[in-house]
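Visitor: Residue numbers (my numbering), protein chains in the order written: chain L, 1 to 293; chain R, 1 to 368.
I should point out that these hints are in silico values taken from the structure, not numbers from a laboratory. A quick note: this is a predicted structure, and the numbers were derived from the prediction, not measured. Glycine is no exception: its CB is placed at the ideal position from the N, C-alpha and C atoms. One or more of the hints may lead you astray.
Stated by the list, open to error - DEER-style ranges, computed between Cβ atoms: (1) 197/L with 151/R: 22 to 28 Å; (2) 27/R with 182/L: 54 to 60 Å; (3) 68/R with 222/L: 44 to 50 Å; (4) 89/R with 142/L: 38 to 44 Å; (5) 222/L with 89/R: 24 to 30 Å; (6) 29/R with 95/L: 44 to 50 Å.
One-letter residues, chain by chain:
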Amino acid sequence: MAVIDPANHGLRLATRYAVLVLVAAIFVLPLLFMVMSSLKPTDQLLNDTSSLRAFLPVGDISLQNYYDAFARAPIGLFVFNSILVTVGTVSLSLLLCSLAAFSFTFLKWRGKGLLLSVTLATLIIPFETIAIPLLLLVSKLPWIGLEGFRIGWLNSYHVQIIPWIADALTIFLFVQYFKDLPEELVEAARVAGASWWQVYVRIIMPLSGPVIATGAILKSLKMYNEQYLWPLIVVQQESYRPIMVGLGYFFQLQVAWGEVMAYLSLITVPVLVFYLMLQRAFIASIASTGVKG
Amino acid sequence: MAEVRLTGLRKSFGDVEVIKGVDIDIQDGEFVVFVGPSGCGKSTLLRMIAGLEDITSGTLEIDGQVVNEVQPKDRGIAMVFQTYAIFPHMTVRENVGFGLTIAGVPKADKDAKVIEAARILQMEHLLDRRPSQLSGGQRQRVAIGRAIVRDPTVFLFDEPLSNLDAALRMDMRMEIGKLHNQLGATMVYVTHDQVEAMTLADKIVVLEDGQVRQIGTPMELYHHPANLFVAGFIGSPSMNFLDVDVGETHNDTATVSNPSLDPIEVKPTDPVTPGVKAKLGIRPQYLTPSSDPTKGKLHGTIELTERLGTETIVEVKLGDGTKVIAALSEDAIFDIGTEVSLTFDPDKAHLFGVPQAGSAAIQTESGG
Numbered sequence: 001m002a003v004i005d006p007a008n009h010g011l012r013l014a015t016r017y018a019v020l021v022l023v024a025a026i027f028v029l030p031l032l033f034m035v036m037s038s039l040k041p042t043d044q045l046l047n048d049t050s051s052l053r054a055f056l057p058v059g060d061i062s063l064q065n066y067y068d069a070f071a072r073a074p075i076g077l078f079v080f081n082s083i084l085v086t087v088g089t090v091s092l093s094l095l096l097c098s099l100a101a102f103s104f105t106f107l108k109w110r111g112k113g114l115l116l117s118v119t120l121a122t123l124i125i126p127f128e129t130i131a132i133p134l135l136l137l138v139s140k141l142p143w144i145g146l147e148g149f150r151i152g153w154l155n156s157y158h159v160q161i162i163p164w165i166a167d168a169l170t171i172f173l174f175v176q177y178f179k180d181l182p183e184e185l186v187e188a189a190r191v192a193g194a195s196w197w198q199v200y201v202r203i204i205m206p207l208s209g210p211v212i213a214t215g216a217i218l219k220s221l222k223m224y225n226e227q228y229l230w231p232l233i234v235v236q237q238e239s240y241r242p243i244m245v246g247l248g249y250f251f252q253l254q255v256a257w258g259e260v261m262a263y264l265s266l267i268t269v270p271v272l273v274f275y276l277m278l279q280r281a282f283i284a285s286i287a288s289t290g291v292k293g
Numbered sequence: 001m002a003e004v005r006l007t008g009l010r011k012s013f014g015d016v017e018v019i020k021g022v023d024i025d026i027q028d029g030e031f032v033v034f035v036g037p038s039g040c041g042k043s044t045l046l047r048m049i050a051g052l053e054d055i056t057s058g059t060l061e062i063d064g065q066v067v068n069e070v071q072p073k074d075r076g077i078a079m080v081f082q083t084y085a086i087f088p089h090m091t092v093r094e095n096v097g098f099g100l101t102i103a104g105v106p107k108a109d110k111d112a113k114v115i116e117a118a119r120i121l122q123m124e125h126l127l128d129r130r131p132s133q134l135s136g137g138q139r140q141r142v143a144i145g146r147a148i149v150r151d152p153t154v155f156l157f158d159e160p161l162s163n164l165d166a167a168l169r170m171d172m173r174m175e176i177g178k179l180h181n182q183l184g185a186t187m188v189y190v191t192h193d194q195v196e197a198m199t200l201a202d203k204i205v206v207l208e209d210g211q212v213r214q215i216g217t218p219m220e221l222y223h224h225p226a227n228l229f230v231a232g233f234i235g236s237p238s239m240n241f242l243d244v245d246v247g248e249t250h251n252d253t254a255t256v257s258n259p260s261l262d263p264i265e266v267k268p269t270d271p272v273t274p275g276v277k278a279k280l281g282i283r284p285q286y287l288t289p290s291s292d293p294t295k296g297k298l299h300g301t302i303e304l305t306e307r308l309g310t311e312t313i314v315e316v317k318l319g320d321g322t323k324v325i326a327a328l329s330e331d332a333i334f335d336i337g338t339e340v341s342l343t344f345d346p347d348k349a350h351l352f353g354v355p356q357a358g359s360a361a362i363q364t365e366s367g368g
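With the rest of the complex left out, here is chain L (with noise of 0.2 Å):
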């Protein structure tokens, strides 16, 4: 038996915490970094980057450049617009990247296999190539909305929502986890009398909790903090435009970085929020998961 020696052992236990202090900083530091810049006037601001005091409120603290940021910016609606485009995006693309996977895995038909491929190789077609037809595409689409019948989805929520619903990743996210599921449930549900409907509605949806939050997860900070080319090409008119957008703002002729720094702060509290609440039931549905049943 291996005989623990208490020196030894506090020697390890002091190295495993120097490391996790040392990356738990190099996470935190650029966030206490963005905030307490917020709270200093730009020439302070840039003046104490060259030393440690670019972390510590001290000096000319103020909200002052929160106030100047809401009255350059509509920021509520910019924070509203990417919610309102992130909570559409996310539930669509989850029923139905769920209700493709839901075929590619459990239903039988002539070419699954080969579609399936295709959808996942469009993972490696960046934005960028499709960014043109996408956008040809999209002004000569009609739609019928509140405001009746038009030509083209351009200045409104749903050209930023309809073109990021389908999505390879979750699709495969959810193919995989339905390849775990026992195929005996959807069997058994079969026989017992279910539709296809059904059993991906009573069945497998309520068993699928984890893979749920997982793309939820990823999906949501995908479109909340990395939308912007998409929405810059198709939306001119202010009160669609979503927050990474509305950062063009503060990069005028002369960068107000004080303003930039609070904004980033402001958009900042409704993922960390949000992460902070999906996190918690991620860790509880994969602990669930672990009990077999």
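Dock chain R against the given chain L, drawing on the hints supplied.
Guide: Positioned in the frame of chain L, the structure of chain R alone reads:
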């Protein structure tokens, strides 16, 4: 309740044919067991009856209707799976009532049926539990309960007891037997366990390599196996086979012998001609130690003894190196290395020709 008729049923997965033309008649209310070694196609055959596998060719009739293209839910069947397949996110009550919920049965009727099923399976106290709070045997009851409430015309069981421990398996086996007597429903049961087959079945279907080897009552299969495969598969311990030379043949008898066996006259199961090689099958239970070591039919040395309490199993190595198993009475005591002489009644021995794969299935008269 219904009759089930399989006619020329075939199933291929790509180029591989796994069911090679199966004909079986299952009578109304009969308990039929499909038995065979792993990979013989018994589960596939059951899944074809359930509608979970397509039928490549042949016809499947339930209650006189051809159901080849009918959806599982419309075949009037219920199935119990080896892995129970109960839904982990539902309570026992919801699991048992699932089929009725799907069918839109009014809540009062559904509740009554669920409670009735729970009463039959003695699990009323479990109705509000989740599957994760149940033992293996309780989960299997839930799966059976889910089948019962639908009043199916045919019950299908796919190795339902394989995941249970030995003691529980025996209890559940007896309960399934009682359930059949109680409900009087047609039941088709797949197992590789011949004890389950022998104890539960009105009629056993022995399958090998996608073909029926014999159909008959358990005792017919035990006493009159139609071929070498069935003879070796049914019975525990397995039947002993001796390579013998066929000597003279008369009307319905043949004289056989080998270096360890003095010539004896037996009734051949397969037709044999003088001078050919054949297999002589003797069940371990029909071998008895001779009081006079020189007068038995087989002579050898004891190599192994197993005392099971109710009987003693001994392995005897014969002079030509062949090993035979004998199931002796519990008080038979032999030391390893002892020379023994074993005797048997030739009328209870079976003589088979050289085994031929793909020999025609023989259906004996069903007494069930």
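Visitor: Please write out, lowest number first, the hints stated earlier that are contradicted by the structure.
Guide: Of the numbered hints, just 2 does not hold.
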